[in-house]
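Engineer: Take the given structure of chain A and dock chain B to it, following the hints.
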Amino acid sequence: MKDKIKSKLDEIRAGNGDSVPINEITSVVESILTSMSGDISSSDFKLYHELEVLALYIDNAKLEIALLRPDEIQQEHIPSATDELDAIVAHTEEATGTILDAAEKLEELAASSDKKTAETITEAVTSIYEACNFQDITGQRITKVVKTLKHIEQKVDALISAFGEQVNDGLEEKQEADGETKKKSEERSEDEIPMHGPQLDENAQSQKEIDAILFGND
Amino acid sequence: MAVKKDMAILVVDDYKTMLRIIRNLLKQLDFNNVDEATDGSEALKKLREKDYGLVISDWNMEPMTGLQLVREVRSDKKLKKLPFIMVTAESKTDNVVAAKEAGVSNYIVKPFNAETLKQKLASVLGDF
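Line by line, the protein sequences give chains A and B. First residue of the first sequence: 4, per the working numbering; consecutive thereafter. First residue of the second sequence: 39, per the working numbering; consecutive thereafter.
Same shape as in the complex, but just chain A (with noise of 0.2 Å):
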């Protein structure tokens, strides 16, 4: 095709040079269309400037995309937001045992008492024992949204793995088309100082570690 048009161009030019007059150039478009008509037709023109619009669209969702940095979603925000949720889980459990240990002992305490304070102390242990169903019922939503986000992790990864470094190369294109450039922790002001939150087990220090820090080891 691209041949067939050069040479067709190049017939064109044989007759009028360069510079085509302005009213030829209907004539020359129609040249150029009738010499493909077989080849290529008008509704194939607008199929082709379809796919180009289309084809526009797909780099501009790519590029937004990019922009949600899917690969944080995966490798960062969604594994955090797991592990936090399973130390809840973790954490009110063992709260919850801490609870019935000292329940449990009360009623104990039930048994060598007066019948009266022996009843009291036995209600007072049931609405606690009630009470803790909540750990149960928490879990299982806590773990319901866990499946959830891990749902959402498998979709941002075949989201990745459609588009591959494409995702990525878009994001940088455009991300020094803005000129755009990631502020370094050192530029950062007093008033930026993130904030973590409450530390995994294994990420957080002890009382003893901090004290050491404003103290020393005095």
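Rather than coming from a laboratory, the hints here were simulated on the basis of the structure. In this text the structure is predicted, and so the values were computed from the model without any measurement. A couple of the hints might just be wrong.
Here are the simulated EDC-like cross-link-like pairs (lysine to aspartate or glutamate), alpha carbons at most 16 Å apart as the crow flies [claimed, not checked]:
| no. | chain 1 | residue 1 | chain 2 | residue 2 |
| --- | --- | --- | --- | --- |
| 1 | B | 54 | A | 97 |
| 2 | A | 150 | A | 89 |
| 3 | B | 65 | A | 89 |
| 4 | B | 156 | A | 126 |
| 5 | B | 118 | B | 139 |
| 6 | B | 156 | A | 97 |
| 7 | B | 65 | A | 97 |
| 8 | B | 54 | A | 110 |
| 9 | A | 150 | B | 100 |
| 10 | B | 54 | A | 133 |
| 11 | B | 148 | B | 80 |
| 12 | B | 88 | B | 74 |
| 13 | A | 147 | B | 128 |
Far from chain A, some chain B residues (derived; all Cβ distances over 10 Å) [as the list claims (entries may be wrong)]:
| no. | residue |
| --- | --- |
| 14 | 53 |
| 15 | 54 |
| 16 | 76 |
| 17 | 79 |
| 18 | 84 |
| 19 | 88 |
| 20 | 91 |
| 21 | 117 |
| 22 | 138 |
| 23 | 148 |
| 24 | 152 |
| 25 | 164 |
| 26 | 165 |
Don't be surprised by glycine CBs; every beta carbon is placed ideally from N, CA and C.
Structural biologist: Then chain B, alone, in the frame of chain A:
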């Protein structure tokens, strides 16, 4: 017939806290012969090895759920008449119907209170 409070009861739940709570509430009702399992398959093994008078089971467990457990129990020649109470957070009609069709004797929705447990036990075992 009077309820034998020394009967063996099997409590099945994958949350240790819930096992403990149910055990303590049963103890308050003088049911002290309580065994535990953390999923349906472990429970089924225990049910085939020892005579139990009652099963109290959660639903959502792995590898075998409480629903699968009750179906296994009801299809077992030796176990099919065993009283079985489902204790679960599943509260939709579909779940309750499925459990009923599987053959549960009664159904308690979590969170539950001590009085509800007592009532359901009485409905299955007789007054005590």
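Engineer: Each hint should be assessed against the structure and marked as holding or not.
Structural biologist: Consistency of the hints with the structure:
Distance hint between residue 54 of chain B and residue 97 of chain A is fulfilled; the C-alpha atoms sit about 11 Å from each other, no more than 16 Å. Distance restraint check for residue 150 of chain A and residue 89 of chain A: the Cα-Cα separation of roughly 12 Å lies within the 16 Å cut-off, and the hinted pair is therefore satisfied. Between residue 65 of chain B and residue 89 of chain A, the direct Cα distance comes to roughly 31 Å. Violation of the 16 Å bound is thereby established for this hinted pair. With a C-alpha separation of about 14 Å, the suggested pair residue 156 of chain B and residue 126 of chain A falls inside the 16 Å cut-off, and the hint holds.
Between the alpha carbons of residue 118 of chain B and residue 139 of chain B the distance comes to roughly 14 Å, so the proposed pair stays at or under 16 Å and holds. Proposed proximity of residue 156 of chain B and residue 97 of chain A is contradicted: the alpha carbons are some 27 Å apart, above 16 Å. A distance of roughly 22 Å separates the Cα atoms of residue 65 of chain B and residue 97 of chain A; the hinted pair therefore is violated under the 16 Å criterion. Between residue 54 of chain B and residue 110 of chain A, the direct Cα distance comes to roughly 20 Å. Violation of the 16 Å bound is thereby established for this hinted pair.
A hinted pair counts as satisfied when its Cα atoms are at most 16 Å apart, and residue 150 of chain A with residue 100 of chain B qualifies at roughly 15 Å. Between residue 54 of chain B and residue 133 of chain A the CA atoms are separated by roughly 15 Å; this keeps the pair inside 16 Å, and the hint holds. With a C-alpha separation of about 22 Å, the suggested pair residue 148 of chain B and residue 80 of chain B falls outside the 16 Å cut-off, and the hint is violated. Between residue 88 of chain B and residue 74 of chain B, the direct Cα distance comes to roughly 13 Å. Compliance with the 16 Å bound is thereby established for this hinted pair.
A distance of roughly 13 Å separates the Cα atoms of residue 147 of chain A and residue 128 of chain B; the hinted pair therefore holds under the 16 Å criterion. Annotated as non-interface, residue 53 of chain B brings its C-beta within 10 Å of a C-beta of chain A; the closest such distance is 5 Å. Residue placement check: residue 54 of chain B does not keep its beta carbon more than 10 Å from all beta carbons of chain A (closest about 7 Å). Even its closest Cβ contact with chain A, about 13 Å, leaves residue 76 of chain B beyond 10 Å, as expected for a residue assigned away from the interface.
Every C-beta of chain A lies more than 10 Å from that of residue 79 of chain B, the closest at about 20 Å, which supports listing it as non-interface. No Cβ of chain A approaches the Cβ of residue 84 of chain B within 10 Å, the least distance being about 21 Å, so the stated non-interface status holds. For residue 88 of chain B, the non-interface assignment is confirmed: its Cβ lies about 25 Å from the closest Cβ of chain A, beyond the 10 Å cut-off. Against the 10 Å criterion, residue 91 of chain B stays outside the reach of chain A, whose nearest CB is about 22 Å from its own CB.
For residue 117 of chain B, the non-interface assignment is confirmed: its Cβ lies about 26 Å from the closest Cβ of chain A, beyond the 10 Å cut-off. At the 10 Å boundary, the C-beta of residue 138 of chain B stays outside the reach of chain A, the nearest C-beta of that chain being 22 Å off. With a least beta-carbon separation of about 6 Å from chain A, residue 148 of chain B fails to lie farther than 10 Å from that chain, contradicting its non-interface assignment. The Cβ of residue 152 of chain B sits about 5 Å from the closest Cβ of chain A, inside the 10 Å cut-off, so the non-interface label is violated.
For residue 164 of chain B, the condition that its CB be more than 10 Å from all CB atoms of chain A holds, with the nearest at approximately 22 Å. Look at residue 165 of chain B: its CB is around 20 Å from the nearest CB on chain A, clear of 10 Å, so calling it non-interface holds up.
Checked against the numbered hints above, the structure violates hints 3, 6, 7, 8, 11, 14, 15, 23, 24; every other hint is satisfied.
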